[in-house]
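Novice: Can you build the whole structure from these sequences, using the hints too?
Chains as they are written, first to last, in my numbering: chain A, 27 to 330; chain B, 5 to 425.
Treat each hint with caution, since some may be false.
[Stated by the list, open to error] BS3-like, lysine-lysine: derived pairs with alpha carbons at most 25 Å apart:
(1) B:K333 / B:K59
(2) A:K248 / A:K163
(3) B:K72 / A:K54
(4) A:K54 / B:K136
(5) A:K163 / A:K54
(6) A:K71 / A:K146
If you're looking for bench data, these hints aren't it; they were derived computationally from the structure. All values reported here derive from a predicted model rather than from experimental measurement.
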Amino acid sequence: MASATNNPSTAQSGVPTPEETQLRESLKRCSPAVVEAAVRYRATKDVQLVPTVVLGIIERFLEPGAAERLRHADDDVRVIEDLGLDSLTLMEAVILIEEVVQISINNDELRSLRTVGDIKVFIDHKVRGLPPPQPSKYLPLEQVAAVMPQQPPFLFVREATLSSAWATGTYTITGDETFLAGHFKDNPIFPASIMLEALGQLAVLYLLEAPSSQLGAPVDPKTIFFTGAEGVRCHRVCRPGDVLKLSVKPKRLRMPLATFEGHIRVGQERAAVAEEVSLTFGFLVEAPKSAEPAPQAASTPPAS
Amino acid sequence: MGSPRVFVTGLGFITSIGLDRASVVDSLRHLRHGIARYAPFEGADSPVKLLATVKGFEVDSPDFEDWKVPAGYTLRREVMRSLAPNGVYAWCAMQQCIADAGLAPAEISNPDTGLYAASGGSPMLLFRQMVKMNEVGVMRCPPTGIVASIAGTLNFNLVAGFKILGASTGFSSACASSGHAMGFAYDEIRLGRQKRMFVVGGEDCNRESMLPFAGMRALSVQTDPTKASRPFDAARDGFVGTGGAVVMLLESEDEVLRRGATVYCEFLGWGQGSDGHSVAMSHPQGLGLKLAMERALAASGVAPAEVDYINAHATSTPIGDVSELRAIKAVFGEGGTRPWVSSTKALTGHGLSLSSVMEAAFCATALKEGFTPGSAHIEKLDPEAAGVAILRETLPEAPRVAVSNSSGFGGANVTVVLRRA
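Specialist: Here it is as structure tokens:
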């Protein structure tokens, strides 16, 4: 690394260094743009180039259809479930990323990389020499139900993945929802108002459970209420059998107001967008510092 | 209830003399060999120039993503990455065997179907992995490096890839390995533990898998492909290496009847014996092989006089061929008229872990398709062969009972007995 040139043009005009030759050999199945980005990164250490290199390496391991998907993917696309990489292939990709951007990733860190966004953020922290970000966390239905103030039959988030910067979740329309009997007569269509509710519920889950959220203190679930929504549009009629893929990202978080943008997709189709969903919230009442934690237990959700 | 009879009901061939049954049979009938000059042996560092190559596959690169297989086979990247070259051959031979036997997916993946395999692993991949480990560190090595390269690579990959749920393991007795695999697979069915067993033999066919045998002085240094592998010839000077893969399917009589399967032959029985003599050389009198043949015949209920054909292990080495001739004479007498004896290694080269199941599969096709393969390339018969009926041309008639011998390092010997169905 000490021998790497600081001038990117040297590598391009002169004879490639053995290091560059090795780099090009390692990346020979990546697109030319990715190879050039990697060569420039080695020369300049410009962290702006890292996402191109990282996504290019992941893409090289994907089936053609999935590669196309990656190119148009949001950061919340999951590499195993959505892109079809198996865990061994993810490991192959990570080993190549390690080699190319000259970092090391340990097993625990590797296990925490679930989404494209996780990988991008993680590698970005690594190359900048920052401590690794909090990994995203996955909550199955039981855990979602355990922390949410909403409960069945009025719980519209069935599983969720939370990171410090976003939350994703799903809700499968079963057809057994009682309101579908009347919405509409002989024509069950999932109400747009409930789609907005689902996004709001995912935002509630983010406030309660997101890792290293920027809020600074635990939120009291009893204090969270809907205040408003802006720019809500529906693009697709949703019916029993559809799997709603929910995602929210915080835009502003400042006690007592949290504003999120939200999206719902079904498969690859956009179903609904909310430019802003706003909630009020309050922190759990602080117990006196250094007091025993026991008195607080009563004010937290029973199962937490 | 007696022990179930066992039949050969499917075969798959990726060999130096053909990539399917039809071309293999054609080569055996016309004594067409698969031996060629091999580019990686052209250098002055290699005293050996010939290899019985597997045509149509490009699997010499250490990078599996460079590999190419013949048209008609597709191996996904996730499959290929944990395979050795011999695993690629075996994967294709499995597909052939399954199609040949007409097995539905549920007939492959169930608790009554198992798979036994034999492969020497992949010295080439193991070596590349060690070089990479030393040069760039173990954490940059491919996570599938071990399962692709160590000796169990065939059973690991095929059991997982074809979703085998019954008995599975690998055998490691060098050139007798797939003979042991066949024998114990037969036993699984005889004992009622399994109804159906795949038997797989495979070897790489490259510089790293073959050239080390030159260091043992075991390989022929001939440059003429028609003179290099000539078992029983007085001037033989060593074997020619080969690789590839062969898959044999064994099924119980009940399954044969239930499926209405086409049968190649009956697998009558097997036997084994060891030399207790030398780690690398066979016993001069063929002690262990004699015992293996006697036991195989006894287990099969077949008298020596009933055997029509022996597919010899004979690899074309000076010492090994003589040992086998002496063992054959000890078991079958020295009348010199029967049974016919030939070594198909004159055509195929010696496939190490692959050879035993490959040669038993040749016998199975001979029994079904009506021929007896000859022993090619003999100019002047070794005097030791006097009293043994060496068959020098392929006969257009099938034996009724065929025996196939195999001998491995350490003096491990296996004999299997097959009968026309």
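Novice: Hint by hint, say whether it matches the structure.
Specialist: Now the hints, each set against the structure:
For the suggested pair K333 of chain B and K59 of chain B, the alpha carbons sit about 37 Å apart, so the restraint of at most 25 Å is broken. Proximity of K248 of chain A to K163 of chain A is assessed by CA-CA distance (about 23 Å); at most 25 Å being required, the pair is judged to hold. For the suggested pair K72 of chain B and K54 of chain A, the alpha carbons sit about 17 Å apart, so the restraint of at most 25 Å is met. Our distance criterion of 25 Å between C-alpha atoms is met by K54 of chain A and K136 of chain B, whose separation comes to about 18 Å.
Between the alpha carbons of K163 of chain A and K54 of chain A the distance comes to roughly 35 Å, so the proposed pair goes past 25 Å and is violated. Our distance criterion of 25 Å between C-alpha atoms is met by K71 of chain A and K146 of chain A, whose separation comes to about 16 Å.
Comparing the model with each numbered hint stated earlier shows that hints 1, 5 do not hold.
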